[in-house]
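Participant: From just these sequences and the hints, can you work out the full model?
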Amino acid sequence: NAGVTQTPKFQVLKTGQSMTLQCAQDMNHEYMSWYRQDPGMGLRLIHYSVGAGITDQGEVPNGYNVSRSTTEDFPLRLLSAAPSQTSVYFCASSYSTGGGSEAFFGQGTRLTVV
Amino acid sequence: SQQGEEDPQALSIQEGENATMNCSYKTSINNLQWYRQNSGRGLVHLILIRSNEREKHSGRLRVTLDTSKKSSSLLITASRAADTASYFCATERINTDKLIFGTGTRLQVFP
Chain C
1 NAGVTQTPKF
11 QVLKTGQSMT
21 LQCAQDMNHE
31 YMSWYRQDPG
41 MGLRLIHYSV
51 GAGITDQGEV
61 PNGYNVSRST
71 TEDFPLRLLS
81 AAPSQTSVYF
91 CASSYSTGGG
101 SEAFFGQGTR
111 LTVV
Chain D
1001 SQQGEEDPQA
1011 LSIQEGENAT
1021 MNCSYKTSIN
1031 NLQWYRQNSG
1041 RGLVHLILIR
1051 SNEREKHSGR
1061 LRVTLDTSKK
1071 SSSLLITASR
1081 AADTASYFCA
1091 TERINTDKLI
1101 FGTGTRLQVF
1111 P
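From first to last, the protein sequence lines stand for chains C and D. Going by the numbering used here, 45 is the number at position 45 of the first sequence; the sequence numbering is gapless. Going by the numbering used here, 1042 is the number at position 42 of the second sequence; the sequence numbering is gapless.
Hints in this document: simulated from the structure, not taken from any laboratory. Careful: at least some of the hints might be erroneous.
EDC-like cross-link-like pairs, simulated, lysine to aspartate or glutamate; straight-line CA separation at most 16 Å [as the list claims (entries may be wrong)]:
hint	chain 1	residue 1	chain 2	residue 2
1	D	K1026	D	D1066
2	D	K1069	D	D1007
3	D	K1098	C	D56
4	D	K1069	D	E1053
5	D	K1098	C	E102
6	D	K1098	C	E30
7	D	K1070	D	E1005
8	D	K1026	D	E1005
9	D	K1026	C	E59
10	D	K1069	D	E1005
11	D	K1070	D	E1055
12	D	K1069	D	E1055
13	D	K1098	C	E59
14	D	K1056	D	D1066
15	D	K1070	D	E1053
Computed footprint of chain C on chain D, listed as stretches where at least three residues anywhere in the stretch have a Cβ under 8 Å from a Cβ of chain C [as the list claims (entries may be wrong)]:
hint	stretch
16	1030-1038
17	1042-1051
18	1094-1103
No residue lacks a Cβ here, since even glycine has one placed at the ideal position from N, Cα and C.
Facilitator: Written out as structure tokens, the structure is:
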């Protein structure tokens, strides 16, 4: 049972480059989300999706795009990387929201923008 | 802005002692959850308490929720060195689908 899989685990980008962080889950969860974690800031919500074809912004969406074409996949795109986007990125999925269900997290992608 | 603020930011105790962490939040919620993160790893769910519940137990964990004060506490009894980790509260706000995390408490348990 793979759970939530994130790729790559590490990435170094130059300022201005673009890239896509991949996230896939095999639990048939409707809800998926992306967070970034910076020292002393906890986790901040970037974007989330309540189902295929539906996405919405979180707390810090600027500079990031998402799409949800399938239930399993929720990629995060950095359009033009900036040093301020250096962070650890976590993808999470859960069965639902509102009714309250636990979120399952991937192991993270450590991104450095130079 | 972030919903939850944990207190203290860092806590150091000896094995066998109890550890208490507090979480305050700003808006009405459906539920509040606690997560644990070992260094360099993803978060793991510990316990969920709904807005109509006041206390919940799971093994050595005890969570309380006071919606009038918009606060929650996580108690770990008889702590072990393996409990060393960061602990985060997360709130699911009413009428949103967002799970918002606090800033976390770093717990160090010395053998």
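Participant: It remains to establish, for every hint, whether it holds in the given structure.
Facilitator: Each hint, compared with the structure:
1. D:K1026 - D:D1066: holds, 12 Å
2. D:K1069 - D:D1007: Measuring from Cα to Cα gives roughly 15 Å; hence the hint holds.
3. D:K1098 - C:D56: Between K1098 (chain D) and D56 (chain C) the Cα gap is close to 10 Å, so the pair holds against 16 Å.
4. D:K1069 - D:E1053: holds, 14 Å
5. D:K1098 - C:E102: Holds, at roughly 13 Å.
6. D:K1098 - C:E30: This hinted pair holds, its Cα atoms lying about 13 Å apart.
7. D:K1070 - D:E1005: holds, 11 Å
8. D:K1026 - D:E1005: Given that 16 Å is the threshold and the Cα spacing comes to 9 Å, the pair holds.
9. D:K1026 - C:E59: holds, 15 Å
10. D:K1069 - D:E1005: Holds, because 13 Å separates the two Cα atoms, which is no more than 16 Å.
11. D:K1070 - D:E1055: The hint holds at about 14 Å.
12. D:K1069 - D:E1055: holds, 14 Å
13. D:K1098 - C:E59: holds, 9 Å
14. D:K1056 - D:D1066: Within the cut-off at roughly 12 Å; holds.
15. D:K1070 - D:E1053: holds, 13 Å
16. 1030-1038: Per the Cβ count (4), the hint holds.
17. 1042-1051: holds (count 6)
18. 1094-1103: holds (count 7)
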